[in-house]
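Protein chains: 2
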Amino acid sequence: MDLAISFDDVLSAAARLRGVANRTPVMTSRTVNELTGYQVFFKCENFQRIGAFKFRGAYNALSRLSEAEKARGVVTHSSGNHAQGIALAAKLLGIRAVIVMPSDAPASKLAATRGYGAEVVLYDRQTQERAEVSDQIARDRGMTFVHPFDHPHVMAGQGTAALELLEDVPDLDVLVGPIGGGGLLSGCATAAKAIRPDITIYGVETETANDWWLSFRQNERVHIPPPDTIADGMRTQQPGRLTFPVIRRYVQEILLVSDAQVIEALKFLLFRLKILAEPTGAVAPAAVLQKKVGPPGAKVGVIISGGNMDAALLAQLLGEA
Amino acid sequence: MDLAISFDDVLSAAARLRGVANRTPVMTSRTVNELTGYQVFFKCENFQRIGAFKFRGAYNALSRLSEAEKARGVVTHSSGNHAQGIALAAKLLGIRAVIVMPSDAPASKLAATRGYGAEVVLYDRQTQERAEVSDQIARDRGMTFVHPFDHPHVMAGQGTAALELLEDVPDLDVLVGPIGGGGLLSGCATAAKAIRPDITIYGVETETANDWWLSFRQNERVHIPPPDTIADGMRTQQPGRLTFPVIRRYVQEILLVSDAQVIEALKFLLFRLKILAEPTGAVAPAAVLQKKVGPPGAKVGVIISGGNMDAALLAQLLGEA
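Each protein sequence line maps, in turn, to chains W and H. In the working numbering, each residue's number is its place in the first sequence (first place is 1) plus 399. In the working numbering, each residue's number is its place in the second sequence (first place is 1) plus 399.
In short, the hints are calculated from the structure, not lab data. The model shown is predicted, which means the values in this text are computed figures rather than measured ones. Heads up, some of the hints might be wrong.
It does not matter which identical chain is meant; a pair holds if it fits inside one copy or across any two.
Result set (SDA-like, lysine to any residue): computed pairs, CA atoms no more than 25 Å apart in a straight line [what the hints assert, rightly or not]:
(1) Lys-690 - Thr-526
(2) Lys-690 - Ser-478
(3) Lys-490 - Thr-430
(4) Lys-490 - Arg-429
(5) Lys-469 - Asp-523
(6) Lys-666 - Pro-505
(7) Lys-490 - Ser-502
(8) Lys-666 - Asp-709
(9) Lys-666 - Gln-715
(10) Lys-490 - Asn-432
(11) Lys-691 - Ser-428
(12) Lys-666 - Ala-714
(13) Lys-592 - Leu-491
(14) Lys-490 - Ala-511
(15) Lys-490 - Asp-539
(16) Lys-666 - Val-425
(17) Lys-698 - Asn-421
(18) Lys-469 - Leu-492
(19) Lys-690 - Thr-543
(20) Lys-490 - Phe-667
(21) Lys-691 - Gly-493
(22) Lys-490 - Ser-428
(23) Lys-490 - Gln-438
(24) Lys-698 - Pro-424
(25) Lys-690 - Thr-430
(26) Lys-698 - Ala-593
(27) Lys-698 - Leu-402
(28) Lys-698 - Val-568
(29) Lys-666 - Pro-424
Just chain W, same shape as in the assembly (with noise of 0.2 Å):
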């Protein structure tokens, strides 16, 4: 089967987001690899735009509309960072936006939506299905729906943070990213496999969100219910139509790490390290300082995908043990 995305897609996408999106730094640390016995260089995505990898992909998909498109505006459902990629793309590249987000979504988030400009209209997650509330909207409007994850101008246009990295990183033996819907690891895998064959690459997600895990046993997209995990990204319940069989191609392993190896992670990354990622940004690196993945001195690439948390949930995070 023909994949969704190849790595002239990647490269095409950089070159839209060249001077838009950051290119976000790459950290290291002695601790780490001291911890670790690995070489550790964590790409941050939480200092991107949005603060996290999400804007990559958005602006991409936004800047590829015709501009009969553009005029009609964009639609999508999405309680998190895609939800701010999106209305911060639209409001660069001056298209209309619609947000679809459940009612009782954090204040926080709906005010960040609102403020870069996006229109966000509420649905009742007891009687509603987002999905139909935003094909309405879109048949209604003739608005264009931006899938968050399973569309191939999102996955090319977040393959460019593995881009970056193995242009800082050009010896990686390993590429680590969480693994939700799975647009950042179809779109990393397709540029690191490109740019260096040789790479191992893993996914990662918590153990009770095992979608993925579970998909790479049977071989074929698995449906899970709700998962209840801290790491909203990865509530996901079924691996993409497009960005599974990419992943399957490219990707060697699922790994999968608890919800406390995900918060111990999030605390290490704040007091060693001193910088802040969401919880679904932890799920790599917890996956690292598990020493989970590659041999000891392996060249390990791992991606932070977000930093994106309110005061309340850190809070309640530190209280923990």
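Since chain W is already given, all that's left is putting chain H on it; use the hints.
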């Protein structure tokens, strides 16, 4: 009066620190620039080894000891970052170090200092003077006392932070740093004024810890009672004998911020820039976020001096309004 250090001393320190201290990143933020109207460049010493700038001065000072002095070891008193700076520098240079710390210091700080291989000697804050305890040790064991700030090699070492910042951003209009004992700002001002004579330099302290502010008014080193402030690096009670003349000559003005403004800045850095500053590290950013420096559009360099904080304190700060 001759000043204790010159620009040559800072350059010489930089040569000794090359490959040993981290060259810390300079971070920028569109959000900060929009909010303040300045172009702000954060020099991130929270990413320095031991999590604060103090390693620079400590290593420079210890590396300059004679072989006989190195063989006898060093002693200092500190309950904060200077302790860890001396401990790590001593370990790297193969020198024995004794750190005099209060018996009620947080267990995490005692453990961190011992973790670098230093010997910790505890004293009772109610009944003993720490200077007397360390003097006694210096006499008994023939060790060299290394003052936390009033020491030419310490001052020159700290100045390398500004040297790096001006190398990265040569056309800075304003430099802003926190001022406790004055070690950091005396070195940084010496470097910045030598490289860019027209630069305007501000020192920032918290309102209750206003010994420098008073000393600028009275043009002499004013001694204040122990101040109550969240920023523990501000708790020195009098400008240094060596640091005062340097800072009096090069620094335009001392700015005051409230503890509440420091906490607000700390939270802003954490949740918007995704980096952890300790309260003292957020003092200079607080003055910038309060727009207390320079005209609109000014290129403002600001030093985040450190990021060491335990989880309990951060949880407490997050719980406050």
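How the hints compare with the structure:
no.	hint	result
1	Lys-690 - Thr-526	neither (44 Å within a copy, 48 Å between copies)
2	Lys-690 - Ser-478	neither (32 Å within a copy, 34 Å between copies)
3	Lys-490 - Thr-430	between (41 Å within a copy, 15 Å between copies)
4	Lys-490 - Arg-429	between (40 Å within a copy, 15 Å between copies)
5	Lys-469 - Asp-523	neither (28 Å within a copy, 70 Å between copies)
6	Lys-666 - Pro-505	both (23 Å within a copy, 18 Å between copies)
7	Lys-490 - Ser-502	within (23 Å within a copy, 56 Å between copies)
8	Lys-666 - Asp-709	both (15 Å within a copy, 10 Å between copies)
9	Lys-666 - Gln-715	both (12 Å within a copy, 15 Å between copies)
10	Lys-490 - Asn-432	between (41 Å within a copy, 18 Å between copies)
11	Lys-691 - Ser-428	within (18 Å within a copy, 34 Å between copies)
12	Lys-666 - Ala-714	both (11 Å within a copy, 12 Å between copies)
13	Lys-592 - Leu-491	neither (32 Å within a copy, 40 Å between copies)
14	Lys-490 - Ala-511	within (13 Å within a copy, 47 Å between copies)
15	Lys-490 - Asp-539	within (22 Å within a copy, 69 Å between copies)
16	Lys-666 - Val-425	both (19 Å within a copy, 23 Å between copies)
17	Lys-698 - Asn-421	both (24 Å within a copy, 20 Å between copies)
18	Lys-469 - Leu-492	within (8 Å within a copy, 62 Å between copies)
19	Lys-690 - Thr-543	neither (43 Å within a copy, 42 Å between copies)
20	Lys-490 - Phe-667	between (35 Å within a copy, 23 Å between copies)
21	Lys-691 - Gly-493	neither (44 Å within a copy, 34 Å between copies)
22	Lys-490 - Ser-428	between (36 Å within a copy, 18 Å between copies)
23	Lys-490 - Gln-438	between (39 Å within a copy, 22 Å between copies)
24	Lys-698 - Pro-424	both (17 Å within a copy, 22 Å between copies)
25	Lys-690 - Thr-430	within (14 Å within a copy, 36 Å between copies)
26	Lys-698 - Ala-593	within (18 Å within a copy, 41 Å between copies)
27	Lys-698 - Leu-402	neither (28 Å within a copy, 47 Å between copies)
28	Lys-698 - Val-568	within (9 Å within a copy, 31 Å between copies)
29	Lys-666 - Pro-424	both (20 Å within a copy, 21 Å between copies)
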